[in-house]
Amino acid sequence: MDFTYSEEQQMLADSLRRFIDTEYTFEARRKSARAGESLDRGMWNKLAEMGVLGLTVPADFGGFGEGPASQLVVQRELGRGLVLEPVTPSGVMAAAILAAHGSAAQKEEWLPAIASGERIVTLAYLEPTTRYRPESARASAERSGDGYVLNGIKSVVWHGGAADAYLLTARVAGSNEIALFLVPRDSKGLGVTAYPTIDGLRAADLSLQDVTVPASALVGEPADGLAALGVGLEHGVAALCAEGAGAMEKLIEITAEYLGTRQQFGKPLASFQALQHRMADMLVQKELALSMAYVAVQALDEADPATRRRMLSAAKVTLARAGRFVGQQAVQLHGGMGMTDELSVGDYFKRLTMLDQLLGDSDFHLQRFGEVMEA
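Per UniProt numbering, the very first residue in the sequence shown carries number 1; after that it's consecutive.
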């Protein structure tokens with residue numbers, strides 16, 4: 001597999017890095033996170049103007065029609081900058097679901113709006129008792145006339161407070177089917193409670209009390225809900241793996257710079273061989289995570305579902321392990337300063353920790369990997 005960027009991908013990476021270094025500064029990010037803002041519209045619009053949000057949206061619907069490899073380029077740079085905005089849930093996951101399973105009307109209405117940043121769509125599939133198993137959903141969808149009535153709760157909806165609509169799972173009454181619905185934020189009976197996460201991002205819990213939606217809100221057929229959701233989750237896992245590799249890359253650079261300037265016994269800490277070994281170990285783990293991010297991207301083109309799951313779970317577990325190692329080492333190599341809010345080290349470690357929890361933690365993916373291998 002060729003890891004070399006094409007000329008266009010390199011230009012995209014360079015422009016994103018310049019934007020993050022000059023405009024999306026760490027100070028601006030921290031101010032936004034601490035203010036509890038659900039979305040910085042100025043930054044969001046700039047990301048849209050750069051084509052980030054519509055990168056993989058089909059060209060017929062206002063996007064660029066690029067493949068997952070180009071998305072890896074974007075996510076890697078977003079990880080370096082700890083970008084707060086909901087690029088992954090809306091521009092990657094929701095866009096992938098609607099492009100693959102949405103009706104003609106849903107594609108026409110929502111994909112151009114996602115690509116332009118006008119609208120944000122996120123997934124609502126987690127519930128308090130289901131962990132990462134959407135097939136265990138308890139939220140219900142009961143047929144009523146030409147539509148459905150939805151009831152239940154959804155938890156930890158990524159950027160749920162900023163979303164204009166939700167791709168929401170519910171069990172169809174009288175069957176064992178898990179359907180996927182596109183539910184607008186302003187639907188009557190839908191309550192949204194937003195809150196911050198440990199890494200400065202935002203999530204929300206949803207409550208549905210007799211929320212009525214038309215049959216046209218279904219994404220695909222009722223029996224296709226899990227398959228449609230799976231498309232989004234798979235693209236999301238690949239995106240997170242690339243984001244994590246970018247975050248580790250930047251964290252190693254920050255740590256190396258600190259060791260090169262911090263003096264002890266009259267010389268830089270970077271001159272001590274024991275610390276050089278620890279930095280080398282961090283670099284090895286980052287390279288391993290980056291390699292597995294490419295594996296995750298390659299998995300999206302695999303025709304066999306079992307092979308896709310195996311490759312994606314292996315990549316996600318590698319991300320979790322490498323992220324924890326790199327984050328812990330970075331904090332320790334900074335000494336007591338690594339625990340302070342004045343430095344960005346802790347913010348990167350928090351984000352890497354959160355990446356493990358999103359879309360299935362390492363325990364979940366280890367179990368799924370084993371299930372696939374035994375099948």
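In short, the hints are calculated from the structure, not lab data.
Since we're looking at a predicted model, the values are computed, not measured.
Please note that a few of the clues may not be correct.
[As the list claims (entries may be wrong)] Calculated pairs, DSBU-like style, for lysine-lysine (alpha carbon to alpha carbon, straight line, at most 30 Å):
no.	residue 1	residue 2
1	250	46
2	250	107
3	107	31
4	188	107
5	267	31
Hint by hint, where does the structure go against what was stated? Just the numbers, ascending.
2, 3 and 5
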